[in-house]
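Make a model of the complete structure from these sequences and hints.
Protein chains: 4
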Amino acid sequence: MEPVYRLTISCPDRVGIVAKVGQFFSAHGGWIVEANHYSDPVSGRFFMRHCIRADSLPFGLAELKAAFQPIADEFGMEWQVNDSSVAKKVILMASKESHCLADLLHRYHSKELHCEIPCVISNHDTLRSMVEWHGIPFFHVPVDAANKAEHFRRVNAIVAEHHADVIVLARYMQILPEDVCAQYHGRVINIHHSFLPSFVGAKPYHQAAERGVKLIGATCHYVTQELDAGPIIDQDVIRVSHNDRVEDMVRLGKDVEKMVLARGVRSHLEDRVLLHGNKTIVF
Amino acid sequence: MEPVYRLTISCPDRVGIVAKVGQFFSAHGGWIVEANHYSDPVSGRFFMRHCIRADSLPFGLAELKAAFQPIADEFGMEWQVNDSSVAKKVILMASKESHCLADLLHRYHSKELHCEIPCVISNHDTLRSMVEWHGIPFFHVPVDAANKAEHFRRVNAIVAEHHADVIVLARYMQILPEDVCAQYHGRVINIHHSFLPSFVGAKPYHQAAERGVKLIGATCHYVTQELDAGPIIDQDVIRVSHNDRVEDMVRLGKDVEKMVLARGVRSHLEDRVLLHGNKTIVF
Amino acid sequence: MEPVYRLTISCPDRVGIVAKVGQFFSAHGGWIVEANHYSDPVSGRFFMRHCIRADSLPFGLAELKAAFQPIADEFGMEWQVNDSSVAKKVILMASKESHCLADLLHRYHSKELHCEIPCVISNHDTLRSMVEWHGIPFFHVPVDAANKAEHFRRVNAIVAEHHADVIVLARYMQILPEDVCAQYHGRVINIHHSFLPSFVGAKPYHQAAERGVKLIGATCHYVTQELDAGPIIDQDVIRVSHNDRVEDMVRLGKDVEKMVLARGVRSHLEDRVLLHGNKTIVF
Amino acid sequence: MEPVYRLTISCPDRVGIVAKVGQFFSAHGGWIVEANHYSDPVSGRFFMRHCIRADSLPFGLAELKAAFQPIADEFGMEWQVNDSSVAKKVILMASKESHCLADLLHRYHSKELHCEIPCVISNHDTLRSMVEWHGIPFFHVPVDAANKAEHFRRVNAIVAEHHADVIVLARYMQILPEDVCAQYHGRVINIHHSFLPSFVGAKPYHQAAERGVKLIGATCHYVTQELDAGPIIDQDVIRVSHNDRVEDMVRLGKDVEKMVLARGVRSHLEDRVLLHGNKTIVF
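Chains as they are written, first to last, in this note's numbering: chain L, -6 to 276; chain W, -6 to 276; chain G, -6 to 276; chain E, -6 to 276.
It is possible that some hints are incorrect.
Put simply, identical chains are the same to the list, so a pair is met inside one copy or across any two.
BS3-like, lysine-lysine: derived pairs with alpha carbons at most 25 Å apart [what the hints assert, rightly or not]:
| # | residue 1 | residue 2 |
| --- | --- | --- |
| 1 | K196 | K58 |
| 2 | K82 | K104 |
| 3 | K104 | K196 |
| 4 | K81 | K196 |
Hints are computed from structural coordinates only; laboratory data are not their basis.
Below, the structure written as structure tokens:
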């Protein structure tokens, strides 16, 4: 794919937004290769994502931003524009369970996921060798009830040092402190191993087995301060039966978890996810 | 299909059950055309469903029951045996929404569902013509806050008079009184328009839209005294997006509701559903 | 939903289309409530669908068409614009199988499908009563090997007389003559009971059982002169196992057929399907 | 899970099989933890799979086989019995594409798949490091049009030397010679990247894009001499739209391929797949 600029916009809906934005690009010869719109009838808010071929425009990203600013101001837009050729920096966090991490690493390794992974952080040393085989630095930052604050101080330092654009909790299994949630609002992606809002919190497969559900699921969402309550990016389910014990659900669920997490991460990396309160628009 | 006797068994697991039951039928020339077993490792309980061709046995249902009783006693079985050629009597209850009722009536009419429908009961008169076109009596039993007890007295009388084997709440939208739940334990089937245990109670699609889920669902379950908490027979989901407003979810959900309800009713009619505490075994 | 004008466009891709169309509506105060774009990288063709609130424009449909024509000419557009408040006229054709017909009739009756059904045509008299209960005229036009030409002459006359916009073959099971295919190009919708291109032609469930597939499906497509080879609008599948005999596949497949057909018809009625050679864009 | 003996049986159906087998195990105190039956109404053949706790029987596998032989003879059974604690030897074959191989290796590494992998054979050297990181020998056996016979001689030698129970073609992309197909009948598992029987042969995603299908799929099947025509073990699909180019289909399809292949391999390793002509029974 040719490099594109990805423009995402959220603003109060009114007549003329599409025309104005379209005209702006047209006037500069901008070739729009993808365009999505959503007008929310309840909130009256408008959302838009455009991909414009970088080589069709006479200027670079900084100049584009400057040129577009007046339109953004006129319509009260929250907006950003990214260059698809600049890989986002994604820090992965994990515990001992390898399935989500191995899956993301393989997608990175095979160039399916377009990103940089400056490092992996884990509270266990279990997955070091797997990570290092991929040529990625691995930081083991242990945590226990007594040193949580210290753990997160070190995590924050590593995150800051590596200039992460996104943090992906690939079954990290620790609750992030409030200030991290706030600082990385809309940029920390978690995978929860249930079909939220069912089975919030610990041991969701045990809860699912207890309730006798016939489908189990996984939910990829942005982390907020309230546990497992952030904006949902993607979800999926898989059928189970009376034959499936908790350990079968855990096994079956892993496949759903890693698929849903990978899809959510990919959507985020491609600037397809726009926040709308506690919900998402996924173009 | 040739008529079969359907034997369902639940008992404490121990060595020799399968052999004993197999031997019993073999000794009488019984031709087993379907057999399912499940041994629950947690509760140590054993579940079994056998279909035996009726014409392969030298006796009828009553004699079969008498002959089998000693085995049932020996193993402490909860059991029943039904003749597939005897249609179960199913009373349908509905309100104003027609999709589940129309779907079940069509499956009955086209002989896909093997049952009798002695009548339909509704708290509204809206669906009378649709029901009567199918040649089925329709009872309009209005209900309001003031006459609930009277409503249920009349409903009970109709149910009793028509000797219902099963009651199906096809979007009936009224909470049944405790004594009905108790009397028809494991024989009242409801469809709830969410993927339980998410969104218990009223307006689940509004709750789903509010939470921003990416899949909506429906749950077919046996009614118990606790609202939307009975044993789940079947569930399914359908994908939604930010584009789908509540009314789209309602529309999309209808297809899931009617499919899941029809599958659950069919499983029940074919004696495929065995209760196991608050869960089901669905063979 | 407020009435909207639905504009669909297909033309060679080039810079400025979105801007020009956006500007046109913006200049007249047109409020765009839905917008979809697709730029095909292989053919270099551009596709667009816009919904504009009718009450936001200062003119009616005819005037809109006249005003838009110069833009269409400039960009070499194939285009049409429809008023969502004008129901399309849909003639349903069926044989003896009722499931697809009953499903569409119920969606029509419950106002889920926004259309008129001026009549149903069938080569059997089986479904007359069901159709007439819905207040729709039923034409029985028998067909056999000897009178095919006469059958289609009568069918054509009925279609013409009722000014059908769309013809839906709800398991009609007869191959339409070439001239009808040509005359109603992109407006005859068929449901084929397999996951095309697998199992073209007769008895697809028998073919599926023979091949031992683990999923069966259905395909909704526009009819062309080549059997089961027209542009696909929608498809879906359902899981089967060794346990499912041909008659089980037939039963399970019915649910897929009616769902897929209803979705395809709905998409067509909402002007969401654009033809692109032998493929479809479904917005 | 406690070790079990897995007995699989296929024989002409007649009264008394279940009783006889049940009695045999019951007489020796055998504790049946899983039991599946299937009676094919068309062919009149009966299929059965039993898992019996090894520690509940007074003898080992060899003695069990000897004791059971008379029953097998009486009923004309094709049968085998395996010890679940003995891992099957699985040789993986791959080309350059890593997704299926990486997925299987991770499931092996994380002990989700219970098997031994004595080696991986590939006609390219691309994946050596990935394989060796898992501690598995990697054999690079190049192939070109001129040396096919030599290639397969070397492959056969490696397979024979490592005493493979199963060969898994994890996107190996070479057609096996007839004698290998015959020798390993029912033990060579392939993943084909289409929903068979659609799109047999090369470049199925290109074929799918060409035809404009709305779902793409993958098929796990036993290899036979006819290309892509062997008994199907499992299949699945994923939704695509007009937006998905061939390269998107390739990417989306990978997830289906690896899931379906892993499920098929798992079923085979657990002795859940019984052959029935060109079809499978999957318990």
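Checklist entry - Hints broken by the structure, by number, lowest first? => result Per hint list: 1 and 4 violated.
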